Amino acid sequence: MAAGINGVASRSMKDPGSAFDDPILGKDPQPKHMKDFVQTFDDNDGVHINSGIPNHAFYQVATRIGGHAWGKVGRIWYDALRDDR
Amino acid sequence: MLCVMIVRPNRGFKRFAKITNDIAVRIYGLKSAEQQAVRGGWPAVGIAAWRERRRRYTVRIEFSQAGGIVYFPGLNKPITVEVDQLDVKDAEELKRLVDASHFFDLPAAIGLPVKGIADYQFYTLAISDNDRQHSVRILVPVEDPALLDLIQAVQNILNSAPTAIQPPSIRTICPADRFHLYHPQSLRECCNSQ
Numbered sequence: 001m002a003a004g005i006n007g008v009a010s011r012s013m014k015d016p017g018s019a020f021d022d023p024i025l026g027k028d029p030q031p032k033h034m035k036d037f038v039q040t041f042d043d044n045d046g047v048h049i050n051s052g053i054p055n056h057a058f059y060q061v062a063t064r065i066g067g068h069a070w071g072k073v074g075r076i077w078y079d080a081l082r083d084d085r
Numbered sequence: 086m087l088c089v090m091i092v093r094p095n096r097g098f099k100r101f102a103k104i105t106n107d108i109a110v111r112i113y114g115l116k117s118a119e120q121q122a123v124r125g126g127w128p129a130v131g132i133a134a135w136r137e138r139r140r141r142y143t144v145r146i147e148f149s150q151a152g153g154i155v156y157f158p159g160l161n162k163p164i165t166v167e168v169d170q171l172d173v174k175d176a177e178e179l180k181r182l183v184d185a186s187h188f189f190d191l192p193a194a195i196g197l198p199v200k201g202i203a204d205y206q207f208y209t210l211a212i213s214d215n216d217r218q219h220s221v222r223i224l225v226p227v228e229d230p231a232l233l234d235l236i237q238a239v240q241n242i243l244n245s246a247p248t249a250i251q252p253p254s255i256r257t258i259c260p261a262d263r264f265h266l267y268h269p270q271s272l273r274e275c276c277n278s279q
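For the protein sequence lines, the chains are A and B, in the order given.
Each residue of the first sequence is one higher than the one before, counting from 1 in my numbering.
Each residue of the second sequence is one higher than the one before, counting from 86 in my numbering.
In short, the hints are calculated from the structure, not lab data.
One or more of the hints may lead you astray.
[As the list claims (entries may be wrong)] With a straight-line Cα cutoff of 30 Å, these simulated DSS-like cross-link-like pairs (lysine-lysine) come out:
1. B:174 / B:162
2. A:35 / B:174
3. A:14 / B:99
4. A:27 / B:99
5. A:14 / B:103
As the structure is a prediction and not an experimental result, all values here were calculated from the model.
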């Protein structure tokens, strides 16, 4: 992430909760399963925390389909995000 | 006034998961590999957006009897009743009787014959459903009223619903003394005469 910071990225879709663990930043708070869902008023009710769960779902689907993530599952997610339901 | 917000974590994620599935179907087709991947991916993170089709509950009853004063190998063969092939009313009644008798909690053998007497008769009732199977050997006469009701119901089915029975059988048990084997016609004569 940066010199002197213990972390590899701001998020991990493969393994949410493991992206960083640093004395300054703290530990990556993202869960990757609903059983670890974080109930909180911080972070606008935890939207950037619990997004680890659907992010990991994306990873799960992408690895099941194979190929480039933006090829098929990327399109599914893009259309789903644009869906007005 | 203290207002407590209740976060509903599952609702938005579930809806989104369902939308991804719908879109996978629209783009790649129903039961496509891509749709299957979507359906497999969400449960991996604890989000079940699809109601799994419930497994059909099936019950099979195998009934046999042994003992008595004569051994007829052909008549000692077990007869199987596929409960779900019966009329709904009969099937429901049988399932109710299985529950009422607590069949799956019964010991493997009920009733001990007196030593030295060779003509005792036994019923063997084996019942299996989706998750359990149990077999009980029961000394005649049957003393447990709930179990007796179940056995009589099975006997009635054996006499009246041949399509659910494998193999087709002509044998039955006289409900009057619950002891002998007769052809159904003989049974009626037997019972009517008592």
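Checked hints:
{"no.": "1", "hint": "B:174 / B:162", "in the structure": "holds, 27 Å"}
{"no.": "2", "hint": "A:35 / B:174", "in the structure": "violated, 42 Å"}
{"no.": "3", "hint": "A:14 / B:99", "in the structure": "holds, 20 Å"}
{"no.": "4", "hint": "A:27 / B:99", "in the structure": "holds, 27 Å"}
{"no.": "5", "hint": "A:14 / B:103", "in the structure": "holds, 21 Å"}
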